[in-house]
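*Asks:* Chain order of the listed sequences is A and B. Taking full-length UniProt numbering as reference, the numbering of the first sequence is continuous, increasing by one, and the terminal residue is 369. Taking full-length UniProt numbering as reference, the numbering of the second sequence is continuous, increasing by one, and the terminal residue is 221.
It should be emphasised that the hints constitute simulated quantities derived from the structure, not laboratory data. Some clues are possibly wrong.
Computed list of chain B residues with no C-beta within reach of chain A, every gap over 12 Å [stated by the list, open to error]:
1) Ile4
2) Phe19
3) Ala55
4) Phe78
5) Leu80
6) Asn109
7) Arg117
8) Gln171
9) Ser189
10) Ser194
11) Pro209
Output of the computed footprint for chain B on chain A, the stretches with three or more beta carbons under 8 Å from beta carbons of chain B [unchecked claim]:
12) 204-218
13) 274-285
14) 352-360
Ranges between beta-carbon positions, derived for each pair [unchecked claim]:
15) Ser139(A) with Lys204(B): 26 to 32 Å
16) Thr49(B) with Ala174(A): 45 to 51 Å
17) Asp196(B) with Thr172(A): 28 to 34 Å
18) Ser288(A) with Lys204(B): 55 to 61 Å
We put the beta carbon where it would ideally sit given N, CA and C, even for glycine.
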Amino acid sequence: MIKLENLSKTYQGEAKAAVYNLNLEVEEGEICVFVGPSGCGKTTTLKMINRLIEPSSGNIYINGVNTAAQKKSELRRKIGYVIQEIGLFPHMTVKENIATVPLLLKWEQKKIDERVMELLELIGLDAAANIDKYPHELSGGQQQRVGVARAMAADPPIMLMDEPFGAVDPITRADLQNEFLRLQKKINKTICFVTHDIDEAIKMGDKILIMNKGKLIQYDSPKNILSKPQNEFVEDFIGSDRALKVLNLIHVSEIMESDFDFAVLSDDYHSLIKKIKQKKKKYLLITSADKKLAGYVTLRSLEKNGHKNWQKYIKAIPAVKKDASLKDVFNLMLEKEFTIFPVVDLENKLLGRINLDNIKNHISFEYQE
Amino acid sequence: MSVINYFISNIDNIIDYTFAHLYLLLISIILSLFLWLSLGIIIRNKSKTAKTLIAFGSFIMAVPSISLYGILMTIPAFGLNIRSAVFALVLYSMIPILRNVYTALNGVNPAIIESARGMGMTERQILWKVQLPLALPVIIAGVRVALVMMVGIATLAVFIGERNLGQLIYQGIVRTRTEMIITGAILVSSISVSVDILMGFLEKKFLSPGVLKSLNLGRDQ
Numbered sequence: 001m002i003k004l005e006n007l008s009k010t011y012q013g014e015a016k017a018a019v020y021n022l023n024l025e026v027e028e029g030e031i032c033v034f035v036g037p038s039g040c041g042k043t044t045t046l047k048m049i050n051r052l053i054e055p056s057s058g059n060i061y062i063n064g065v066n067t068a069a070q071k072k073s074e075l076r077r078k079i080g081y082v083i084q085e086i087g088l089f090p091h092m093t094v095k096e097n098i099a100t101v102p103l104l105l106k107w108e109q110k111k112i113d114e115r116v117m118e119l120l121e122l123i124g125l126d127a128a129a130n131i132d133k134y135p136h137e138l139s140g141g142q143q144q145r146v147g148v149a150r151a152m153a154a155d156p157p158i159m160l161m162d163e164p165f166g167a168v169d170p171i172t173r174a175d176l177q178n179e180f181l182r183l184q185k186k187i188n189k190t191i192c193f194v195t196h197d198i199d200e201a202i203k204m205g206d207k208i209l210i211m212n213k214g215k216l217i218q219y220d221s222p223k224n225i226l227s228k229p230q231n232e233f234v235e236d237f238i239g240s241d242r243a244l245k246v247l248n249l250i251h252v253s254e255i256m257e258s259d260f261d262f263a264v265l266s267d268d269y270h271s272l273i274k275k276i277k278q279k280k281k282k283y284l285l286i287t288s289a290d291k292k293l294a295g296y297v298t299l300r301s302l303e304k305n306g307h308k309n310w311q312k313y314i315k316a317i318p319a320v321k322k323d324a325s326l327k328d329v330f331n332l333m334l335e336k337e338f339t340i341f342p343v344v345d346l347e348n349k350l351l352g353r354i355n356l357d358n359i360k361n362h363i364s365f366e367y368q369e
Numbered sequence: 001m002s003v004i005n006y007f008i009s010n011i012d013n014i015i016d017y018t019f020a021h022l023y024l025l026l027i028s029i030i031l032s033l034f035l036w037l038s039l040g041i042i043i044r045n046k047s048k049t050a051k052t053l054i055a056f057g058s059f060i061m062a063v064p065s066i067s068l069y070g071i072l073m074t075i076p077a078f079g080l081n082i083r084s085a086v087f088a089l090v091l092y093s094m095i096p097i098l099r100n101v102y103t104a105l106n107g108v109n110p111a112i113i114e115s116a117r118g119m120g121m122t123e124r125q126i127l128w129k130v131q132l133p134l135a136l137p138v139i140i141a142g143v144r145v146a147l148v149m150m151v152g153i154a155t156l157a158v159f160i161g162e163r164n165l166g167q168l169i170y171q172g173i174v175r176t177r178t179e180m181i182i183t184g185a186i187l188v189s190s191i192s193v194s195v196d197i198l199m200g201f202l203e204k205k206f207l208s209p210g211v212l213k214s215l216n217l218g219r220d221q
């Protein structure tokens, strides 16, 4: 989809190349994160793709077409561009901002209106309340969402994002990252994403390109980079806690047990007790008839309180979402002092459960590979 | 009372003077706006040229207007003519307009320009759709100062043969006729104030609420 070939850039008046002989292929539908210390050439590389910076030598092909052969402004209209400072136009409303590229492409007004509504829905911004607002009336997170919507307006197959979530607070950043990953599943763009934060790279990237002093050091999947760092630089860069970082990559749904026992609210007391005792358990998860998680009951409290209205003794239990990472699970374990959690989907339907042993087994298995 | 009497008995002269004054202003304003706005846009990316021109404009500002009129008068092509007066007024308006256009266009947040370029706007589209609308408050402020100043300086053009409202003030001083001075002063200031009000109106009409509101926010902080 995007192919960089022997790409180099030396800025005028500088002896050393900012980017040196870079070769890279980004597959369609993938997020490729460019990461490295400041001055490593990652932003220069990104900006050469939409020709905000002209390469000194080498070629860039998008779908096999050399970008140097296209008119700059026309090339850029087919590539979404998001920057850290967002750069929304302060004199235009949310709607006008989002409509920028469609207007440049001379879309019909009706098509533009529909597209704006569609995008606002996609980024989760209430259209009626926000469409006529000016950027300074929005929060930082909302501005960044509008920035992303604006970049996607003409449905470009490629998006370039230069530290897009760098200027917001950590909580908003995590929200925006998760939201963007969910969005990417729907829109399936080819994305080049620059960051200096290795954790963000691991979280967002299908592939990670690690650069230093203008050169490609390692280009691989996050998992391989964490488990097989190419050299000492990569090892240092990803940090001593790389085993912990692996936890970021593994999702609960990959290792949860989906074969487990639970009871339904409508079960009667005796069959419930029988079920628990048969399996030699001390407790059981309870769901409603449509499999929505209700909580859990312990054998002890059931036996103590007798058989009438056993549903009254259901206790609440924190659940994890299926797309949470193992790091989230550990967090929850430390916070709530549970070692086992039910796993639910976005609608709170029970899918499985996960405990410390599952995680331990999975990780030791991964590393034996 | 004598002011009103004077006004009524000399109404024909006063109307002539007012029209002469407005005529001089109109020509000078049109020329100044055209010249300095376009020059400001042309030199927006040429910092060396801009600095030289702005230094020249500041120098002109430092020359007392009476002596500038005097100097222009001695130049054959100008002489005792409305051309000298127009030329002087246009020169005086250079600094407030040109400097504000240049600084305002260059003061637009580079991130905004970069995102405009990154989305595929041509340099011309960036200028018209992004830079100018954002620079407009500062440009209008400059034009406002220039216009109000021109109304005042135009009165001094009587020394090089213009017969405008300055005539009332000048003659009033020479003949110690207070009512003449006051009549002239009132009319000149009314023109100034009207110009100022008109510019305020245009500012409200042409500035995007987004720019206005963010300016107000800045002021509150």
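*Asks:* Closest CB-CB distance from Asn109(B) to chain A, is it above 12 Å?
*Replies:* violated, 8 Å
*Asks:* Quick check for students: does the CB of Leu80(B) sit more than 12 Å from each CB in chain A?
*Replies:* holds, 47 Å
*Asks:* Taking 12 Å as the cut and beta carbons as the points, is Phe19(B) off the interface with chain A?
*Replies:* Holds, because the least Cβ-Cβ distance between Phe19(B) and chain A comes to about 39 Å, which exceeds 12 Å.
*Asks:* Holds or violated: is the Cβ of Arg117(B) farther than 12 Å from all Cβ atoms of chain A?
*Replies:* violated, 6 Å
*Asks:* Test the statement that Ala55(B) is away from the interface with chain A: the closest C-beta pair must be farther apart than 12 Å.
*Replies:* For Ala55(B), whose nearest Cβ neighbour in chain A is about 28 Å away, the distance exceeds 12 Å, so it holds.
*Asks:* Take the region 274-285 of chain A, compare each residue's beta carbon with every beta carbon of chain B, and decide whether three or more fall closer than 8 Å.
*Replies:* violated (count 0)
*Asks:* When you look at the beta carbon of Ser194(B), is every beta carbon of chain A farther off than 12 Å?
*Replies:* holds, 28 Å
*Asks:* I want to verify a distance hint. Is the separation of the beta carbons of Asp196(B) and Thr172(A) within 28 to 34 Å?
*Replies:* Since the Cβ atoms of Asp196(B) and Thr172(A) sit about 45 Å apart, the hinted range of 28 to 34 Å is violated.
*Asks:* Beyond 12 Å on every Cβ pair: is that true for Phe78(B) relative to chain A?
*Replies:* holds, 42 Å
*Asks:* Is it correct that the beta-carbon of Gln171(B) has no partner in chain A closer than or equal to 12 Å?
*Replies:* holds, 49 Å
*Asks:* Evaluate the condition: distance from the CB of Ser189(B) to the nearest CB of chain A exceeds 12 Å.
*Replies:* Its Cβ never comes within 12 Å of chain A, the nearest being 34 Å, so this holds.
*Asks:* Verify the CB-CB distance for Thr49(B) and Ala174(A) against the hinted window 45 to 51 Å.
*Replies:* holds, 49 Å
In the structure shown, a violation is registered for the earlier hints numbered 6, 7, 11, 12, 13, 14 and 17, in ascending order.
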